[in-house]
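Colleague: Just so you know, the protein sequences line up as chains L and A, in that order.
Going by our numbering, the first residue of the first sequence is number 116, and it counts up by one from there.
Going by our numbering, the first residue of the second sequence is number 116, and it counts up by one from there.
Check before you lean on any hint, since a few could be wrong.
Intra- or inter-copy, both count: the list cannot distinguish identical chains.
Taking lysine-lysine and the PhoX-like style, the derived pairs with C-alpha atoms no more than 25 Å apart in a straight line are [claimed, not checked]:
| # | residue 1 | residue 2 |
| --- | --- | --- |
| 1 | 486 | 397 |
| 2 | 320 | 275 |
| 3 | 424 | 196 |
| 4 | 424 | 190 |
Quick caveat, the hints were computed from the structure, so don't treat them as lab data.
Residues per chain are reported as follows:
Number of protein chains: 2
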Amino acid sequence: MSIFEITKTDSQSNARTGLLRTAHGTIKTPVFMPVGTKGAVKGILPAQLVEAGSQIILANTFHMLLRPGVEIVEKAGGLHKLMAWNRPILTDSGGFQIFSLSSINSITDDGTEFASPYDGAKIKLDAAIATNIQNRLGADIIMCFDQCPAFDAPQKEQEKAVERTIKWAKICKNSHSNEKQLLFGIVQGQTDENLRKTCAKELIKIGFPGYALGGLSVGEGTEGMLKTVRFAAPLLPVDKPRYLMGVGTPADIIQAVQAGIDMFDCVMPTRNGRNALAFTEKGAIRLRNAAFADDFTPVDANCGCVCCKTFSKSAIRHFFNTGEMLGPIMLALHNIVFYHNLMDKIRQNIENDTFNSWAEQALESPAYARKEISA
Amino acid sequence: MSIFEITKTDSQSNARTGLLRTAHGTIKTPVFMPVGTKGAVKGILPAQLVEAGSQIILANTFHMLLRPGVEIVEKAGGLHKLMAWNRPILTDSGGFQIFSLSSINSITDDGTEFASPYDGAKIKLDAAIATNIQNRLGADIIMCFDQCPAFDAPQKEQEKAVERTIKWAKICKNSHSNEKQLLFGIVQGQTDENLRKTCAKELIKIGFPGYALGGLSVGEGTEGMLKTVRFAAPLLPVDKPRYLMGVGTPADIIQAVQAGIDMFDCVMPTRNGRNALAFTEKGAIRLRNAAFADDFTPVDANCGCVCCKTFSKSAIRHFFNTGEMLGPIMLALHNIVFYHNLMDKIRQNIENDTFNSWAEQALESPAYARKEISA
Chain L
116 MSIFEITKTD
126 SQSNARTGLL
136 RTAHGTIKTP
146 VFMPVGTKGA
156 VKGILPAQLV
166 EAGSQIILAN
176 TFHMLLRPGV
186 EIVEKAGGLH
196 KLMAWNRPIL
206 TDSGGFQIFS
216 LSSINSITDD
226 GTEFASPYDG
236 AKIKLDAAIA
246 TNIQNRLGAD
256 IIMCFDQCPA
266 FDAPQKEQEK
276 AVERTIKWAK
286 ICKNSHSNEK
296 QLLFGIVQGQ
306 TDENLRKTCA
316 KELIKIGFPG
326 YALGGLSVGE
336 GTEGMLKTVR
346 FAAPLLPVDK
356 PRYLMGVGTP
366 ADIIQAVQAG
376 IDMFDCVMPT
386 RNGRNALAFT
396 EKGAIRLRNA
406 AFADDFTPVD
416 ANCGCVCCKT
426 FSKSAIRHFF
436 NTGEMLGPIM
446 LALHNIVFYH
456 NLMDKIRQNI
466 ENDTFNSWAE
476 QALESPAYAR
486 KEISA
Chain A
116 MSIFEITKTD
126 SQSNARTGLL
136 RTAHGTIKTP
146 VFMPVGTKGA
156 VKGILPAQLV
166 EAGSQIILAN
176 TFHMLLRPGV
186 EIVEKAGGLH
196 KLMAWNRPIL
206 TDSGGFQIFS
216 LSSINSITDD
226 GTEFASPYDG
236 AKIKLDAAIA
246 TNIQNRLGAD
256 IIMCFDQCPA
266 FDAPQKEQEK
276 AVERTIKWAK
286 ICKNSHSNEK
296 QLLFGIVQGQ
306 TDENLRKTCA
316 KELIKIGFPG
326 YALGGLSVGE
336 GTEGMLKTVR
346 FAAPLLPVDK
356 PRYLMGVGTP
366 ADIIQAVQAG
376 IDMFDCVMPT
386 RNGRNALAFT
396 EKGAIRLRNA
406 AFADDFTPVD
416 ANCGCVCCKT
426 FSKSAIRHFF
436 NTGEMLGPIM
446 LALHNIVFYH
456 NLMDKIRQNI
466 ENDTFNSWAE
476 QALESPAYAR
486 KEISA
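Based on the sequences and whatever the hints tell you, model everything.
Modeller: Dropping the structure here:
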């Protein structure tokens, strides 16, 4: 059996459904991966994620490296054991977090060194180390160590980042020593078509079981992001899974699926939920709003999640108003279910060959409208 | 059927098991009530409390009065609806919180007035108002508005507080207008036997379906508390439920049951859990301890709670170390289960007429040892 099997291709777009086989089970794509930054999707139990329909979750190498540290995770028997999560896990390489930290200033061709925000201890990270760490953390899918420059960095820097990303990808592949894991390459190059083309071409030469588009949704705006996805997705092998990192709103996801993307991760549902924003069939609502003080209906009338089956909008608003943890937890969980339901609809419409017309309608609906949503 | 039915009395102590019938179901006593201060047991879902074995929970009138306010709770259809909790609820009168606030200085024979910590709005509370509010909140058991002075307040003040508590109890009974609710009287008088005797006698004259011992565990020390309980419990009618407010450690509870107490509430399991302390068969442990960094066994090997069935000590320590909500939530839930298991053992040993010898052994065991535990 191949690692990735396309089960259906939409006749009117690049959308497709597939099965991605990993050491901890098979994932139906297109798939959304909730983010478990520090070894947990904040406030949510593994059993609740399973009930929500999460097929795979993401964990951040950078954060796990700082605490509890690779040694502890390894001693625990790997990330799955520590997190009590028996389904697939994907780890990023740690690169994105490091390059986002302003205190980092020593990025060289060889990698970087940074001070732990906890105790100031110097930590070195490069392509070989990032791969070794991910090998030891034991996720099912791991990512190449790449450089993601700021979206408004000068052209020279964008070029340098692509050059390094390619160079590091070779090192990552050579260092990769855990055959149970799938190592994905990451295409960088911001919104520059030539850079994206070069990076994709070189990574394909190296050869990976899956490819990601990185460096997007970092400030270039929705149109710039989608234009790049539409250009870059077809540059990637049609028979391999394509992962759009860090994206996005429901509308972003629908449109990226149209462009041929199979995998997504984003803090959008969870972070927004913790900030009292709930995605609903009627559009996003903010539960701190005084209008909900005496609204005793569920957050989303047709939703079957624990939040909607248990509490009223009034109760959730009360929880946010009094700093009760159940507010953030319930809305994060509700939003995860909303995202998983969206992916269900996407997969179903692709299977039925109704995806493209469904997508065009969906993008005009209040639930998935093409508008910016800020956390 | 009577409201309270004693099903077994221990032959060697004042301990007894009973059934307390309320509008939302029958409670097996002795019972421990987790505290849901602001309309939720912090971070814990109603379904998780049911699974943990919680028969009844406590909600604080003072906090519900401030937010979301009585009108909202009433409009929601009562506390049970707002909290999504279908089992019994007990509300306190609000008196304890008010008298604990140092900013309150206008306590008169008529009650008190205080400023909302949220918006400074003046709120008046007296015996009639506290009863009316509780009638509207709709808990199954409600409490008389009492005065609880500081444990080291002068004798004059203790006497005055008992006098007011008796006077207010009459007003509460006369004001009480929701026949679905049981209104309990509260005996004050600190560690003073004469005051306790007077207060109990006068409250019994007024007549309530249940009686509480209030004003304990406020600084008088374990010995002072237990001495008072042993003296005061037998002053209360043998055929009515006896509730020891705000107590306590497992050892306190065992000894209070020996003295004839049927009901307990305390933040001990939940607040301690949120502060990384777990009660276990081998004694209390602090999960922030570095010794647990690579301890991959459950918090309590023989515990069947979600925490112990899901996570290792190492994972829980990691959660506390990184500010992950699952740490506090899991230990609070574990501790609630620990307390409910303790009450199960107590009830079972009373039923088997082995309670007193079990209790003496239990008090020497690491799990329930007679030592102070601070949150």
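Colleague: Tell me, please, which holds for residue 320 and residue 275 at an alpha-carbon limit of 25 Å: within, between, both or neither?
Modeller: Answer is within: at 19 Å inside a copy they meet the 25 Å cutoff, but 88 Å across does not.
Colleague: Give the relationship of residue 486 and residue 397 under a CA distance limit of 25 Å: within one copy only, between copies only, both, or neither.
Modeller: within (14 Å within a copy, 56 Å between copies)
Colleague: Within a copy, between copies, both or neither: where do residue 424 and residue 190 come within 25 Å Cα-Cα?
Modeller: For residue 424 and residue 190, the Cα distance is within 25 Å only across copies (19 Å; inside one copy 39 Å).
Colleague: Should residue 424 paired with residue 196 be assigned to within, between, both, or neither, using CA atoms and 25 Å as the limit?
Modeller: between (30 Å within a copy, 12 Å between copies)
Consistency note: the structure conflicts with none of the earlier hints.
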